[in-house]
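Protein chains: 2
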Amino acid sequence: MQDATSPAELTSWNYNETGAREAIEAFVRGIENDGVDASERIAVFDNDGTLWSEKPNYFQADFVQYRKNLGQSVTEESMEVYHQAVLDWLQTAKHPTEGCLYTDLIYQPMLELLNYLRAHDFKTYIVSGGGIEFVRPWAEAAYGIPPEQVIGSNVRTAFRDDPPTIVRLPEPQNVAEEPKKLFYEQALFLDDKFGKPVGINAHIGRRPLAAFGNSDGDKQMLQWTTSGPGRRFGLLIHHTDKNREWQYDEPSDEGQLTQGTLDEAAAKGWTVVDMEKDWAHVSPPFPTADGTSV
Amino acid sequence: MQDATSPAELTSWNYNETGAREAIEAFVRGIENDGVDASERIAVFDNDGTLWSEKPNYFQADFVQYRKNLGQSVTEESMEVYHQAVLDWLQTAKHPTEGCLYTDLIYQPMLELLNYLRAHDFKTYIVSGGGIEFVRPWAEAAYGIPPEQVIGSNVRTAFRDDPPTIVRLPEPQNVAEEPKKLFYEQALFLDDKFGKPVGINAHIGRRPLAAFGNSDGDKQMLQWTTSGPGRRFGLLIHHTDKNREWQYDEPSDEGQLTQGTLDEAAAKGWTVVDMEKDWAHVSPPFPTADGTSV
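Chains as they are written, first to last, in my numbering: chain A, 1 to 294; chain B, 295 to 588.
So that you can see chain A by itself, here it is in the shape it has in the complex (with noise of 0.2 Å):
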């Protein structure tokens, strides 16, 4: 698993190709000249295609089947026991097509990034459409996020009081069984398109200054966080190296990018990255012919 010991400058970041890496850096300068109060610093960054991979499939879904094939049932289930099932697979499970371990398909210029931000007093948030057990676990160590400040989707989630415990539970078969008892209960909630922004407001009751995504799901999250008032920034990595990473857009099952949101990004300004063009490198386990990192 990677640490968060990457430089605090956008070293793997391309000067003078599409002006991505430029385009950061006088949206941080102006934010430090504007003199913008440190707690009102707040980034958010979508988890799947932005800051790590999500292809042949999203990673979670290769942990979901993982778990259906060990017959593992979907009935209650305390979240420490969750966690360490993320945290057992991450260690030990290898990408169906690069053979190396998830976590090392990090982004190595997002790891960048989010120190570069951070070094600029941002406060750091993951808003994934994936599940939030399922990235918390690992968030620090990898990304240095810590758990509360990743924000996801959930499943259902209750207490239970003997012993204390959170547990996640299957969906209710009938709602209208015990509905005052649900209201204690986290509901399910999907952290993507719409959500991202409904996420964002019930765990920071901030609108964020900068946003990063890479796919339709980002949309509404980039569209919240750029029309507050003020400097904000609004940033779109399209995969399009196909060589390093992969190449994908529209249509694709998953991260799909639509022509309307690359339109949308251009009329709203917001910064879009030509992964092959703008990364110097992409991260540590697509290694050359003699073993080096490109």
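Treat the hints with care, since some could be wrong.
Calculated cross-link-like contacts (lysine to aspartate or glutamate; reagent style DMTMM-like; alpha-carbon spacing at most 20 Å) [claimed, not checked]:
1. 193/A <-> 455/B
2. 536/B <-> 568/B
3. 268/A <-> 456/B
4. 123/A <-> 465/B
5. 123/A <-> 32/A
6. 562/B <-> 162/A
7. 487/B <-> 162/A
8. 193/A <-> 456/B
9. 123/A <-> 415/B
10. 268/A <-> 455/B
11. 562/B <-> 161/A
12. 123/A <-> 140/A
13. 123/A <-> 442/B
14. 181/A <-> 465/B
To list a few chain B residues with every Cβ distance to chain A over 12 Å, as calculated [unchecked claim]:
15. 316
16. 321
17. 324
18. 364
19. 383
20. 390
21. 412
22. 445
23. 543
24. 550
25. 561
Simulated from the structure, these hints should not be mistaken for lab results.
Here the structure is a predicted model, which means the values were calculated and not measured.
By construction, the Cβ of each residue, glycine as well, lies at the ideal position given by its N, Cα and C atoms.
Model the placement of chain B on the given structure of chain A, informed by the hints.
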């Protein structure tokens, strides 16, 4: 509105009464001696009856009644509008029996306790049975607690994209109509009783080390907090002070504290504050005959 400039010591707490002050200080010394990592130092506080008063009605209930009296509708409303309404009300509305501002009824000893814990690297959270968005707009000025560290109940909330806005909504009349769309919304959630550990897990993703409450509604939060491994602390404020504040436990429409919960506190070693004995001062708005604060 009070600022957060109270001392970072428990100067409004008496020694040699029930031992509450001694117990708090022993816990914090223990955490320091154990060398517990700062990231794990999380303390959660109920709001009504724990950080400010809750009589003769929960203060938010007075706000809701005030808005009803204005004839305001309960249809879709942006979060910004709601926040401003809360702030306007708090700056002008008078408490029905004390005649002061509601925020004048914040407990001075608890402001000191918040600062004391922060001085020892604790991150302090509010975990309110009241509305998360009712507390957020003023919690930073009043308690030094930023919006992202406020947890509470929520009504249904959703994102609208034209213009990009978070809105508060009445409950859906017919859940079956658009069930999938609802998953992109926050569902009604009661951050009380069994809901408190669920809310804490959803927002923080870790079990706190210390929990502070005053009623049966806080029992599960204390159970979950104090049953974790290592050094833990649970505290209940018993409202025993009919002269300087209010005297109540069971029965009570607000903040009921039953004998069963007091028995559990005794059995589990939770600290029970006797407000009359343990607090040298309650809060600024209870002046003595000569105009000084008691």
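Results for each hint:
The hinted pair formed by residue 193/A and residue 455/B meets the criterion: a straight-line CA distance of about 11 Å does not exceed 20 Å. Taking the CA atoms of residue 536/B and residue 568/B, the gap is near 12 Å; set against the 20 Å cutoff, the hint holds. A distance of roughly 14 Å separates the Cα atoms of residue 268/A and residue 456/B; the hinted pair therefore holds under the 20 Å criterion. Proximity of residue 123/A to residue 465/B is assessed by CA-CA distance (about 33 Å); at most 20 Å being required, the pair is judged violated.
For the proposed pair residue 123/A and residue 32/A, the alpha carbon gap of about 14 Å is at most 20 Å, so the pair holds. Between the alpha carbons of residue 562/B and residue 162/A the distance comes to roughly 14 Å, so the proposed pair stays at or under 20 Å and holds. Simply put, residue 487/B and residue 162/A have alpha-carbon atoms about 14 Å apart, close enough for the 20 Å limit, and the pair holds. Of the pairs offered as hints, the one joining residue 193/A and residue 456/B holds, with about 14 Å between alpha carbons and a cut-off of 20 Å not exceeded.
A threshold of 20 Å between alpha carbons decides the hint, and for residue 123/A with residue 415/B the separation of about 18 Å falls inside it, so the pair holds. In summary, the hint linking residue 268/A to residue 455/B is supported, as the alpha carbons are separated by about 14 Å, within the 20 Å threshold. A distance of roughly 14 Å separates the Cα atoms of residue 562/B and residue 161/A; the hinted pair therefore holds under the 20 Å criterion. With a CA separation close to 13 Å, the supplied pair residue 123/A and residue 140/A stays within the 20 Å bound.
Distance hint between residue 123/A and residue 442/B is fulfilled; the C-alpha atoms sit about 11 Å from each other, no more than 20 Å. Between residue 181/A and residue 465/B the CA atoms are separated by roughly 16 Å; this keeps the pair inside 20 Å, and the hint holds. For residue 316/B, the requirement that its beta carbon stay farther than 12 Å from each beta carbon of chain A is met, with the minimum near 26 Å. The claim that residue 321/B lies off the interface holds: its Cβ sits roughly 19 Å from the closest Cβ of chain A, which is beyond the 12 Å cut-off.
The beta carbon of residue 324/B sits about 21 Å from the closest Cβ of chain A, which is more than 12 Å, so the claim that it is off the interface holds. Here residue 364/B stays apart from chain A, with its beta-carbon at least about 25 Å from theirs, past the 12 Å limit. With a closest Cβ-Cβ approach of about 18 Å to chain A, residue 383/B is found to remain outside the 12 Å limit, as its non-interface label requires. Against the 12 Å criterion, residue 390/B stays outside the reach of chain A, whose nearest CB is about 28 Å from its own CB.
Under the 12 Å C-beta cut-off, the non-interface status given to residue 412/B relative to chain A holds; the minimum distance is some 15 Å. Residue 445/B, annotated as away from the interface, has a beta carbon of chain A within 12 Å; the closest lies near 9 Å. Distance to chain A confirms residue 543/B as a non-interface residue, since its nearest Cβ pair spans about 21 Å, more than 12 Å. With a least beta-carbon separation of about 17 Å from chain A, residue 550/B lies farther than 12 Å from that chain, consistent with its non-interface assignment.
The beta carbon of residue 561/B is kept farther than 12 Å from every beta carbon of chain A, the shortest such distance being approximately 14 Å.
The structure does not agree with the numbered hints 4, 22 stated previously, though it agrees with the rest.
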